[in-house]
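Enquirer: Going down the list, the sequences are from chains A and B. Just so it is clear: in the first sequence, position 172 is 171 by numbering that gives the first Met the number 0, and no numbers are missing. Just so it is clear: in the second sequence, position 185 is 184 by numbering that gives the first Met the number 0, and no numbers are missing.
FYI, nobody ran anything at the bench for these hints, they're computed from the structure. If a hint is listed, it holds; no wrong ones were tucked in.
Chain copies aren't distinguished; within one or between two, either way the pair holds.
Straight-line C-alpha distance at most 20 Å; calculated SDA-like pairs for lysine to any residue:
1. Lys196 <-> Ile140
2. Lys52 <-> Leu33
3. Lys52 <-> Ala42
4. Lys166 <-> Val131
5. Lys135 <-> Gly79
6. Lys5 <-> Asp65
7. Lys161 <-> Leu81
8. Lys52 <-> Asn41
9. Lys130 <-> Gly109
10. Lys161 <-> Arg126
11. Lys87 <-> Glu26
12. Lys87 <-> Arg27
13. Lys23 <-> Ala93
14. Lys135 <-> Arg101
15. Lys55 <-> Leu6
16. Lys5 <-> Arg96
17. Lys196 <-> Arg169
18. Lys5 <-> His31
19. Lys137 <-> Ile170
2 protein chains.
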Amino acid sequence: MLLNNKLFDNLVNAFRSLPGVGKKTAERYALHVLSSTEEEVNAFVETISRIRKQIKRCSECQDFSDTDPCTICVSNERDGDLLCIVEKPSGVMAIERSGGYRGKYYVLNGLLSPLDGIGPDELGLSRLFQKVMTRKVKEIIIATSATNEGEATALYIAHQLKPLGVKITRIAHGVPMGAGLELTDDYTLRQALEGRKPLEG
Amino acid sequence: MLLNNKLFDNLVNAFRSLPGVGKKTAERYALHVLSSTEEEVNAFVETISRIRKQIKRCSECQDFSDTDPCTICVSNERDGDLLCIVEKPSGVMAIERSGGYRGKYYVLNGLLSPLDGIGPDELGLSRLFQKVMTRKVKEIIIATSATNEGEATALYIAHQLKPLGVKITRIAHGVPMGAGLELTDDYTLRQALEGRKPLEG
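Just need the whole structure built from these sequences, with the hints factored in.
Expert: Structure (structure tokens):
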């Protein structure tokens, strides 16, 4: 019986380390592992530890990659004049999926958060500034998320880069495509009104 | 960049083998693994494969256990007159959690499903029947789930065990405690009406 079984609890706790996984879900995963054959479980764990070793950070853009530099950093088809700054590797994936961007990226892998002791040094922002100075970047698009920390990080980067004379833009915030006003939160709606554009008719 | 990266896709697919995990959730788990240190990932996979090896089936009741026979099967405090038949190890956990049962268990690890080619032989029902015959079981409580297959399996077991003269019961189906009638489905409500009991006032 698995209730109050220490080994089973350890297995459940291992799965609870995954993001967004509570006790019930972790139990379901743990029971699945026990019901699987040893070969299946070995293949599962082998895949995880092997790929964790094979995928590293690109030393240019700090994104995850199995090559260094990554395919985007070495690509001649990507516009080196544009540098999009995102918080996490998932941001690069989201923008690439949208298909609306042909420039290069820089992944912060975090946001400024003074309360958590994460300042410009901890975030390695000097590496970003160095990159902007040595490359011929013409426009920096700051695509950190629209949270307090995301906004603060965007403002800090913009402030630091201003003396370089490079164009700095922020992605637009507003009503998501397909969404009704009644389902849009107040803050987003205010941003959407402030960011209104002339409509050519 | 991880979009269309074959290694990353393999990692995502490994997580998709977990129950109820779709593409988005698997991606989140995969990104978490890449963001964790190698030590953290090694500890995670080591826990899974070690505990998968340590927890086996109890040869008596077929439940998961790290001892054989399991703690319930060897316990003198559990009433051997009562045998509760459940579909899966999670059923034993749920009943033990409820605290309302002091008998022993037998885990089918499946249900009869002729369309999937799972008959009495595949389910190893003869082992259950053998156990009932050789032990002095006085009452068998069939606690398979209230699905078509659960009901069919319950009826089949009851039919096969009838000649032994043992008392065979089925757990009650009805309106869950705390639930309103308007949220209870039709089938459950019919079962609740059929299973009505005299109220001592």
